[in-house]
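J.: These protein sequence lines are chains A and B, in that order.
Residues 0 to 362 in numbering that gives the first Met the number 0 are what the first sequence lists, from first letter to last.
Residues 0 to 176 in numbering that gives the first Met the number 0 are what the second sequence lists, from first letter to last.
Just so you know, these hints were derived from the structure itself, not from any lab.
All C-beta atoms in this analysis are idealised placements derived from N, C-alpha and C, irrespective of residue type, glycine included.
Careful: at least some of the hints might be erroneous.
[Claimed, not checked] Under 10 Å between C-beta atoms, here's a sample of chain A residues computed to sit facing chain B: (1) Asp-36; (2) Pro-39; (3) Trp-43; (4) Cys-94; (5) Arg-98; (6) Leu-165.
[Said to hold, decoys possible] Listed next, the in silico EDC-like pairs over lysine to aspartate or glutamate satisfying Cα-Cα at most 16 Å (straight line): (7) A:Lys-195 <-> B:Asp-165; (8) B:Lys-105 <-> B:Glu-121; (9) B:Lys-13 <-> A:Glu-335; (10) B:Lys-13 <-> A:Glu-334; (11) A:Lys-150 <-> A:Glu-54; (12) B:Lys-105 <-> B:Glu-145; (13) A:Lys-16 <-> A:Asp-308; (14) A:Lys-50 <-> A:Glu-73.
Read off the chains here:
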Amino acid sequence: MTFEQLIQATPPEWLLKSSDADDIAIVTVGRLVRNLDGFPFPGWSTADDRKKVSEQVLPVLRQLRGMKNAFCAELSDLSYEQRRLLLARKQLTPCMAARQDGCHILIPPRQNAIYMVNEEEHLVVHCCQRGNRIRDILNDLSKIAATLDGKLNFARLPETGNLTSLPSEAGDGLQLYTMLHLPALTLGNMMSQVTKALEKLHINISPCYSDGEDDTGSLFILYTLPGPIDSTAEIAGHYQKILRQLITRERQVRQRLLEDPELRLADNVARAYGTLRHARRLTLRETRNALSMLRLGTATQVLEWENLDPTDATDSLKELDLIIALTSAAAREEEEPGLPTARATLTRSFLKAHPLHFAPEFS
Amino acid sequence: MLRLQVKKCHICGKRASISLTQIINGQISELALCESCAKEKGIFDPQTLTFAEKFFPEDIKAKVDKIVRELAGMQQGEATDSAKDEQRDLLVRCPVCQFSLSTHRKTGRLGCPSCYTVFARELAQEAGVMSSDTTDSPADERTELERELQQAIEREDYETAAVLRDRIRQLNDTPHP
Ligand SMILES: [Zn+2]
Ligand SMILES: [Zn+2]
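Pulled out of the complex, with its shape left as it was, chain A reads as follows (with noise of 0.2 Å):
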């Protein structure tokens, strides 16, 4: 498989539908990692030990299942713009961007894993699912891991687990990152306070996007740390649980701020609304911005289709994210000549091609 047939191919599962129609969880991603005995790792390795890592990977990830056709390249051969294209996807780690020669990356057809050799570490596995299916995730892992496992010679020692660069996050060598869409807990600025709750319990909560400056897009991405040995059910039970807790308490909000009689989201949604529809120039932030307001308005039916069914229209402004995402990341520069325009052209043509008008009680 190219490069270009894996651009062109209809996009995974996992990047393109959400899961419910108010997609709170958007993707989550499981991330398995090992490493090599006898071979220094990648952040303090030569290009030679890389590639002696990768002579010994490589064979084996090729003759994984599902591997038949897959797209293989060494870092070295992709252009900056071709890394930026697949970071927007997710299916290139900034870490791994930043690579070249002896590093790897591999993606099945299915493109529901993406191997990478000489990441952080040695071998790096990303699984992704939509929305919050940590099961799929954790049973597509470990049967990855149960596989390579007896073909290549990973650096273990019994009381510490796999061990990794860095000491901290040696043992069961998985990690778990879902990436969430929080406008309403934003609005009503709780997330601070949902971060110190979650602060003592070995998950954690970030900003998708460290501009600092304002929470672009309500995105954010809720993760585990590496565990100890043997604690990857334990800890994925209460990741599964908190992400439970977290979706409800930001419909709990989305619902509290709907009855506000001071309108704060509706007023929010009307202005992106207008923006959206009537924008000649926007920049990748404020479309961000915007399209999250968007998607707020339309699950809570502040908003409503005139001609698209609510999962429908959800899948449908996914993919209107990701194409906005993928010509942005086309460009050389974030705010290229053409680009404000182009972005103002894209979401204008969508809400004329699947109009919206404001529930009664709102107009």
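Mind docking chain B with the ligands on chain A? Use the hints.
T.: The following block gives chain B with the ligands in isolation, referenced to the frame of chain A:
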């Protein structure tokens, strides 16, 4: 560590598209850069990390200094006296990958799987200190927290740094034995 977050470029503050997790001069564990800055600094091949010597020390040192100034009343003792370590019978360098104990103390990382065995005593000490907060005297705990804080700052892990700073402040508020 949060690995999927989109960070800001350390040089210009724009959205970064690459992030280096690399030990450079035993100093840094993570560096996020936007594409234009990366290219400008000649980091087309991050494996040849000569750029770091040119711009990194001042750039990050300024930030680290700022944070350190904020941590009023704190003193950092440089505990990386390798002669002292040798007296204490500690191996200071991994024979397999040449990674040094002092680099571990600065970055929190290790060089290869064998480092776990070579630096076993140090790692056990670190783990011991972390899990036995209650048995340590506040003074020992403070020293350890200060070391962890320094490491967190060097890793640019400001979230952890903030938590550690709060814990040190709490300790400072409690009366000394
Ligand atoms: Zn920059
Ligand atoms: Zn070593």
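J.: Which numbered hints turn out to be false for this structure?
T.: none
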